[in-house]
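**Student:** Take the sequences, apply the hints, and build the full model.
Residue numbers (this note's numbering), protein chains in the order written: chain B, 1091 to 1342; chain F, 51 to 473; chain D, 41 to 361; chain L, 46 to 328.
Think of the hints as simulated: they come from the structure by calculation, not from any bench.
What you are looking at is a predicted structure, and each value in this text was computed from that prediction instead of being measured.
There may be inaccurate statements among the hints.
Unchecked claim - Here are the computed lysine-lysine pairs in the DSS-like style, where the Cα-Cα straight-line distance is at most 25 Å: (1) L:Lys-201 to L:Lys-135; (2) B:Lys-1233 to B:Lys-1095; (3) D:Lys-340 to D:Lys-250; (4) F:Lys-185 to B:Lys-1233; (5) B:Lys-1233 to F:Lys-229; (6) B:Lys-1233 to F:Lys-223; (7) B:Lys-1095 to B:Lys-1156; (8) D:Lys-340 to D:Lys-99; (9) B:Lys-1272 to D:Lys-340; (10) B:Lys-1095 to L:Lys-135; (11) F:Lys-223 to D:Lys-99; (12) L:Lys-322 to L:Lys-307; (13) B:Lys-1095 to F:Lys-185; (14) F:Lys-185 to F:Lys-229; (15) L:Lys-198 to L:Lys-247; (16) L:Lys-247 to L:Lys-322.
As the list claims (entries may be wrong) - Here are the simulated distance ranges between beta carbons: (17) B:Asn-1166 to L:Thr-118: 38 to 48 Å; (18) D:Asp-308 to L:Arg-125: 26 to 36 Å; (19) F:Gly-271 to B:Leu-1139: 43 to 53 Å.
Cβ atoms here follow ideal geometry from the backbone N, Cα and C, with glycine treated the same way.
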Amino acid sequence: MRPMKVAITGLTACSGCQLTLLNCEDELPELLGLCELVYFPLAESGNVLDAQFDAAIVEGAVSTPKDLELLFSLRNAARVLVAYGTCALFGGVAAMNNTISCRRDLLQTVFGDAVQLPESFAPAPLANYVSVDAAVTGCPPEKQEIMELVAALAAGTLPPARCYPVCTECRSRENLCLLLEKRELCLGPVVQGGCNARCPATGIVCEGCRGPVREANVAQELELLLERGFGREEVERRMSRFKPGWNYGQRR
Amino acid sequence: MGSVVEIAPLTRLEGHGSVRIYREGCRVERVELNFIDSPRLFEALLIGKSFAEVPEIICRICALCSTVHKVTALLAVEDALGIEVSEVTALTRELMLQAGMIQDHALHLYCLVLPDLLGVRGVAELASVAPELLKAGLAVKKAGNTVLETAGGRLIHPVNICLGGLGRSLNKKELVRLKDELQQALPAAQEAHRLFSTPFPFPELPEPAFLALQPSDRPLGARLCRMADGPTFPLRDYRQHVEERVVGYSNAKLSTVQGKEATVGALARLNLDPDLEPLAAQLFATHKRELVGKDVRSNNLAQAIEMCHAIERALRLIDRLIELGPQRASAPAISPRAATGSAACEAPRGTLIHSYSFDAQGLCTMADVITPTALNQGALARDLLALACAMEGEETTRMTTALERLIRCYDPCISCSVHLLTL
Amino acid sequence: MANNFLKISRLDQFLETLRLFGELHAPTVSESGVHRFSPLEDPDELHLDYRRTQIPPKKYLFPFREEILHYGGGGYREGHSSAGDLVIFGVHSCDLEGIAYLDRVFLADRPDPGYAARRSRLTLVGIACEPDDFCFCTAATESASCDLFLSAGQDGYHITSYSARGSALLSAADHLLEERAAQPSPAISGPCYPAQDPELRFSDHPLWQKFASTCVSCGACSVCCPTCYCFDVREYPTLSGGGTRIREWDNCLFATHGEVAGANFRPDRLDRLRYRFLHKYCGFTPLQGMSSCVGCGRCKEFCPVDIDLRELTVAPEKVEP
Amino acid sequence: MKQPQHSPHVPYAAHLIERRDLSEDTALFRIAPEPGALAELSSFVPGQFVQLSVPDAGEVPISPADLPTPEGTLELCVRRVGHVTDLLHKLQPGAPLGVRGPFGCGFPLPEMAGHPVLLLAGGLGIAPLRSLLMHLLRHRDGYGEITLMYGAKQPKLMLFRQELAALAADGGMRLYLTVDFAPEQLDGSFSCALGLLPDLLKGFRFDAADTYAAVCGPPPLYRCLISDLEAGGVAPDRILLSLERRMRCGVGRCCHCGIGQKLCCLDGPVFRASDLKGIPEAL
Ligand SMILES: Cc1cc2nc3c(=O)[nH]c(=O)nc-3n(C[C@H](O)[C@H](O)[C@H](O)COP(=O)(O)OP(=O)(O)OC[C@H]3O[C@@H](n4cnc5c(N)ncnc54)[C@H](O)[C@@H]3O)c2cc1C
Ligand code: SF4
Ligand code: SF4
Ligand code: SF4
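**Tutor:** As structure tokens, this is what we get:
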């Protein structure tokens, strides 16, 4: 089988998603056998961008003209474009303040008005600019998810999606429910599972790093949290950590 | 006739960067180092967030360094709010720092530097040219990862460490398993120095001004910054000593410490009274002449020695944790107050400083993060120019290859450095 | 072998005897304080005064996630079900009835191989319980769907055997037992909440709307239910070629449950709650007309929004506004 | 690999022999299962379904479009709609597949014997009905008049059009075709009405009291056709519908395919209209 030509890169992000891939020590040799990494600046020299790719795996949100330029050229060159990680899918941490402050103010807070500010706009998911064929969520995604993705791409398909909230796996692991038993601010009911409820399993609430689950009952979750004495502002701040602009009235 | 050579993107390092060499004929006029990662603006994003959220958000500044960022942020917030933690918590945190050191050095040495030594493009080719070496390196990296994942609940952006305590403490079974893993990785880490003491095919560079935290035997309790041949200053006064400057072409800032371009990282630490574990101390003694007072080309060797040290130290921490037994997690009640706190840790790449202020409700009013790469950037720019000048007249590709290798000696982490801070 | 009595002081020795029949599992408390069935390494970890475990013992027969098939070399083959002999001690009668119900589903016509293999190596030792506020049953009952059942007596347990394996256990433990006249044993349990009229699901009861708007589709109710067994099947290729087909617990309250390409037969949460009602309390072919609710009270205890579908059948005046 | 007692969820190995495109998104796949599958497959009754495995993607329920050959070869007419069917459509002859079944209840053939049969197919609904049609034609003398009414959106989406025309020309059945609309000029080779399937049925005179009707198509079509058939005098227990649901196991355990208290995979997929009365979510 001809190895797939793959591009792996990041836009506005922390490289965690790409690193997750490099952290698959055991699987890496097999993975490298399936892929020809034509463009992977994090780990390779001699990258070629003007090629045709079987797949482009892109981490990060779009927040600068350079991001956009890279994204467009990858979209044009790749048969399958994968939004890899929460930032690429929902905007992620970089976008958390999108609905409450304007980009220019943020830039000024950091750079002062001493010099010319870098060009940057509100970080947005890839899908705001290009069509996306597949998605892997998580901040960072689970190793097994990226392995599943690569294996599926090599087989000419995509991995089937899981569609349940964090609570489902959390309960199945016999964790203590932090929302019910400790009245903590857990976002498990409205957040996409697949992480095997990592955080609640260590006794830490789900911070929502995988973005909304399908048909999240956001309004009810908000009510649950308000009932437990959290302020509306705090809840909104927490929910928008990985995805700005939830619809707080949504029930289905 | 002026010409410009550009190396873009810089590869096999974390983040997006480029280098431009401006030449007049064959004379090198100027070298420009650009860190072009998209601005992440963390210091601005954190304003208005509650103290408990700060460490959880700031670790996303950089995946590679997420553990040390999270630990440093926790220490800074705890410093501000006057929170004490238990010994188990402190040990677990330090264990994670050491594990971060192991996995980070292993990643950098085996995946990013080794290809230079063997003249290949990257990991993929490495897998076919030197599969055994790569495997050995990955095994060391994996041992670090396993510790991070088990102790932190997740490898990148750890979840288990939190303000004032831990989600859960490790049980004996887990600790014993981690000990096993680390012991298995030790021999390879002990051998690594052989690979990375290979001399560089390019000329000597200016002597660095090393900077590291003190005391060196208490990674979580550093209170002082020490500069070689300079005065030692308390961490909380860092703003009076570290100066930062915006340069138009780069999205990161250049910093100077007491007017000098400081060098931080493994080599700096080994130059400033390191407190090494036995095996690492032996290695250090063997290589002393290649390390002490040497330029940054020796940094990779220093990393290899530190990798061994970190494993030994982690083993010791685990022994102590086993002795103490698990601790029932009970997070202290934390009451917000208006305060400022600072903390610093030695990250794999060097000194990392966090500082935060909170209002009476516990909402963040100021956030400041100084990363090792930001600290190193001045020295890096200086060395690039020096090297380019020293190689004047050489073939362009030879020069660019050498410059890229020099950059990898510093092991810069651009993601971290491009966040910038309030002036 | 009637009138067998085990003094509480001999319980530890009795447990040791049980170990001869397989790995011993029993109710314990986890680090974070959750009741669960887990391997019993030390008798001190035993928590016999538990009300209910978060996950019922169905996890032993029908794991949350299971590799049912492997694909490779041109064909599919059965995933490994490396089941060893297992003894579960201290199961309440509701959970025993839950297993009896699952047996009807998975051991009927064309038995499920993984389930059947595990079931055949499972020894169940039941124990009497005390219902709490969440339980749907009203009195402690005894279940016959086990190998042995321990009903509480003064300073010990009366033991009844309900199978050949149970009798074998008793003979092995003979030296620990003494004769004591059995108390009149409590009613033998069965599904605890009676079968309901399927038409009720279309009643205009106001609770339907309330439930539909408050349920967060977290999945807890069915994950924790001893008789919920809906599953999803997905196939994942592996890096080395070949693939794995997994089976994982599903929940009828998820949007995908009734979805087909281009349509959803249960598009709203309300439709899905009705489906749940119908399946739980009215039964599907071939168990039509049979309620599967054994009264363990888990769905009520673990639902974050206190949904209890049985309230639909309680007179409206009893329902809180 | 042979197994002493074949497990209900292990597919028999099979491979793709040939594929023939029928329209843009639908193709006919001929697959050859390993000999071990024959014993089960030979019990196939039209209307039953098999679970087709496409390695790396998963498993989908499909109603064979013809009776299995004596060697066990199956013809499956599959539309590309999603995860599994996408990969299936990318496969080349020789590709490995898997098959389990047949499952469910097919058409009640003994009961239909001697009666006229009216087949009503909408769109892809022709696939399951084609195996019934093939059975009827092969046992032509055992049944009364056979009529197929088949509606498609437009001419190019009409599956098996030459083949059906040829069968009709042989005189074994009456064939009525209709398309919702015809963007291009219809060629003269086949006659085809313009309009919906129910319109076609309205103008049709037949011995309703004696007829069995077999219907398969998209859900909205059922409601309309059932009431028309009933109004026309066909007894509800002689109106046979082949329904589609999400299915995971095919053997009554995964519980996705409930229709009222029945399971589509065990009690169906062929149901009588009379069975579905009072089950609002059935259609
Ligand atoms: C008894 C029966 C007979 C069928 N016969 C045929 C046939 O002859 N030809 C044909 O093209 N199609 C037929 N279908 C429909 C076919 O099964 C679906 O189109 C197919 O499952 C879609 O799967 P997918 O993975 O490609 O699509 P996706 O939309 O990705 O489906 C995801 C999953 O949902 C389930 N699913 C989706 N759509 C359906 C559906 N309509 N019915 C059941 N499950 C579904 C599948 O299990 C699938 O794995 C039949 C369905 C049933 C129930
Ligand atoms: S702890 Fe959080 S994720 Fe787990 S069950 Fe409770 S609400 Fe859900
Ligand atoms: S539990 Fe929540 S925050 Fe933690 S990994 Fe899962 S989705 Fe992310
Ligand atoms: S436990 Fe409650 S909220 Fe969760 S899915 Fe079940 S009914 Fe809905």
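**Student:** Is the straight-line distance between the alpha-carbon of Lys-1233 of chain B and that of Lys-229 of chain F 25 Å or less?
**Tutor:** Given that 25 Å is the threshold and the Cα spacing comes to 23 Å, the pair holds.
**Student:** Lys-247 of chain L and Lys-322 of chain L were given as a pair; does the straight-line alpha-carbon distance stay at or below 25 Å?
**Tutor:** holds (23 Å)
**Student:** Would you check the hint for Lys-223 of chain F and Lys-99 of chain D, treating anything up to 25 Å between C-alpha atoms as holding?
**Tutor:** Distance of about 24 Å is within 25 Å: holds.
**Student:** CA of Lys-322 of chain L to CA of Lys-307 of chain L, is that 25 Å or under?
**Tutor:** Distance of about 12 Å is within 25 Å: holds.
**Student:** So if I understand the rule, the pair passes when the alpha-carbon distance is 25 Å or less; does Lys-1095 of chain B with Lys-1156 of chain B pass?
**Tutor:** holds (23 Å)
**Student:** With the threshold set at 25 Å, check whether the alpha-carbon distance from Lys-1272 of chain B to Lys-340 of chain D stays at or below it.
**Tutor:** holds (18 Å)
**Student:** How does the Cβ-Cβ distance of Asp-308 of chain D and Arg-125 of chain L compare with 26 to 36 Å: does it lie in that range?
**Tutor:** Holds, since Asp-308 of chain D and Arg-125 of chain L (Cβ atoms, about 28 Å apart) stay within the stated range.
**Student:** Taking 25 Å as the top limit, are the C-alpha atoms of Lys-185 of chain F and Lys-1233 of chain B close enough?
**Tutor:** holds (19 Å)
**Student:** Regarding the pair Lys-1095 of chain B and Lys-135 of chain L, is the alpha-carbon distance no greater than 25 Å?
**Tutor:** Within the cut-off at roughly 19 Å; holds.
**Student:** Taking only the CA atoms, is the gap from Lys-201 of chain L to Lys-135 of chain L under or equal to 25 Å?
**Tutor:** Between Lys-201 of chain L and Lys-135 of chain L the Cα gap is close to 21 Å, so the pair holds against 25 Å.
**Student:** If I claimed the Cβ atoms of Gly-271 of chain F and Leu-1139 of chain B lie 43 to 53 Å apart, would that claim hold in this structure?
**Tutor:** holds (47 Å)
**Student:** For the pair we were handed, Lys-1233 of chain B and Lys-223 of chain F, check the Cα-Cα distance against 25 Å.
**Tutor:** holds (24 Å)
Checked against the numbered hints listed earlier, the structure breaks none of them; every hint is satisfied.
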